[in-house]
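Q: What follows is the residue order along each chain.
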Amino acid sequence: MTEEVLVADHTIEYTYTRSTGPMIGAFLTGLRDGKIVGCRGADGRVIVPAVDYDPVTSEDLSETVEVADEGVVTTWSWNDRPLLGQPLDHPFAWALVKLDGADTSLLAAVDVDDPSKISTGSRVKARWAEERVGSITDIAAFEVV
Amino acid sequence: MSNRVAVVGVGQTKYAAKRQDVSMAGLVREAAKRALDDAGMTWSDIDAVVIGKAPDMFEGVMMPELYLADALGAVGKPMLRVHTAGSVGGSTGVMATHLVSSGAHKRVLVVCYEKQSESNATWALSIRLPFTGGSVTGAGGYFAPVIRAYMRRSGAPDDIGIKVSVKDRLNALNNPYAHLKIPDISEEMVRESPMLWDPIRYLETCPSSDGACAVVLTDEDTAKGTPNPPAWVHGTAVRSEPTMGAGRDVVNPHAGRDCAKDVYAQAGVTDPRREIDCAEIYVPFSWYEPMWMENLGFAPEGEGWKMVDDGSTSMKGDLPINPSGGVLSSNPIGASGMCRFAEAALQVRGMAGDHQVDGAKLALGHAYGGGAQFFAMWMVGSEKPNA
Chain X
1 MTEEVLVADH
11 TIEYTYTRST
21 GPMIGAFLTG
31 LRDGKIVGCR
41 GADGRVIVPA
51 VDYDPVTSED
61 LSETVEVADE
71 GVVTTWSWND
81 RPLLGQPLDH
91 PFAWALVKLD
101 GADTSLLAAV
111 DVDDPSKIST
121 GSRVKARWAE
131 ERVGSITDIA
141 AFEVV
Chain E
1 MSNRVAVVGV
11 GQTKYAAKRQ
21 DVSMAGLVRE
31 AAKRALDDAG
41 MTWSDIDAVV
51 IGKAPDMFEG
61 VMMPELYLAD
71 ALGAVGKPML
81 RVHTAGSVGG
91 STGVMATHLV
101 SSGAHKRVLV
111 VCYEKQSESN
121 ATWALSIRLP
131 FTGGSVTGAG
141 GYFAPVIRAY
151 MRRSGAPDDI
161 GIKVSVKDRL
171 NALNNPYAHL
181 KIPDISEEMV
191 RESPMLWDPI
201 RYLETCPSSD
211 GACAVVLTDE
221 DTAKGTPNPP
231 AWVHGTAVRS
241 EPTMGAGRDV
251 VNPHAGRDCA
261 KDVYAQAGVT
271 DPRREIDCAE
281 IYVPFSWYEP
291 MWMENLGFAP
301 EGEGWKMVDD
311 GSTSMKGDLP
321 INPSGGVLSS
331 NPIGASGMCR
341 FAEAALQVRG
351 MAGDHQVDGA
361 KLALGHAYGG
371 GAQFFAMWMV
381 GSEKPNA
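These protein sequence lines map, in sequence, to chains X and E. First residue of the first sequence? That's 1 in this note's numbering, and the numbers climb one at a time after it. First residue of the second sequence? That's 1 in this note's numbering, and the numbers climb one at a time after it.
A portion of the hints provided could be inaccurate.
[To be verified] Covered stretches of chain E (chain X as the covering partner; in silico rule of three or more C-beta atoms under 8 Å from a C-beta of chain X): (1) 21-34; (2) 65-75; (3) 117-123.
[Claimed, not checked] Sample of chain X residues at the chain E side, in silico, Cβ under 10 Å: (4) Glu4; (5) Leu6; (6) Val7; (7) His10; (8) Tyr16; (9) Ser19; (10) Met23; (11) Ile24; (12) Pro49; (13) Tyr53; (14) Asp54; (15) Pro55; (16) Thr57; (17) Ser58; (18) Pro82.
I should point out that these hints are in silico values taken from the structure, not numbers from a laboratory. All C-beta atoms, glycine included, are put in the ideal place defined by N, C-alpha and C.
Work out the full structure, taking the sequences as your base and the hints as a guide.
A: Right, here's the structure in full:
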């Protein structure tokens, strides 16, 4: 006896809403204005993106700090076959970028056409989207300076 | 229960349709910080965190306990998530009580929440999955026929649900955290509100709320050093039964009766109507108050509605039910059970403010969930339970 496997299509869709809170909200609003906003943690470090509470002490954070839109690659990986919905539709590097003025790194796409053109320590600068709406995609990608 | 457990802190957010000023993390922190303040504690005093919320699809964040761990000061500490649909606020409290009564932890932070403004719970409850006969009705459509069955069985007058709605909305006016505040509420207003799922009218249903509720539980030694009077846990119980079990009595579920019996036995209660001073029970649709009066043994079967009719369950009655305004006034689903547990604790601590039941010494917190197949309860008292 062969076993019949039942198969059915099932599509569910719903538009969720997100309330971002005061600090992540400040980061996103900053992007719309072409600025990158972090915040000062309890130990004095500048955390980017800004967060609502301290990752070590859990206390509320409220001091925003604007950092540069340029910084250094601290580590990276090559993405040879980008998937639909990723920041770029051609091969690029995923990188952790420590922006000037920040003490933490931001995950970002770096638009280089070949892995030989990026390395740890490369200086990169944000390429802003033509239309900014207050979303992480306002940074289209980083480019090697 | 081996070690005594005390409720030393309670914290609630203001319940509202949309709390767009805070993220999910901000919402749970608001309640948690208030509970810690009440307990005279800070994040670092906590040994473990227990979190509960209704199904993840309600906000579309899978396993949100992972994302919320650092928001709740749980980094490097045990964190547990409890899932029991709408009863989760209750079973999360029970789970956390066990962590203290067993001696595993001394200070446990318990937080439950829902942020309904980020999605639509009725949508999430109405998805028809392949190979199932989904009813696409939401919770109201599911419970309406059950209520009809109760009305037929008990012969209750048609206006009992209306009376519950008015009573709970009046109580809510005395609770600063309540979502719905309808100062001119009247039987007339409820009667004339649209019929949503016959016999449930618009004003006989709960609202959709954003909100979080938290409590801090400790062992007996820790409770000695806390600033406000503790509530002592006299008993906890959970029970469940299959949603679609053959022969199941959906009007008066067996699991609910067993759960109540267990918690009364632990608390040494033999006559619940007389011995319990007030109760916060899960009533998302008005008629569930008389139904649960019977399920909880406060009234004989078929007579729960009489307690509503003669005012016994009002603030002036002998057994005030839902002094806070209940689920009918605030429904952050995953937190709604915790609100019941927390409000019961506030009553016996004498900290319920304008909705305080005078001299409350023993109070029941109750939650149910799913298709009324999950039950969770705790009994709290102003005095320590016998060891």
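Q: Please write out, lowest number first, the hints stated earlier that are contradicted by the structure.
A: 4, 12 and 18
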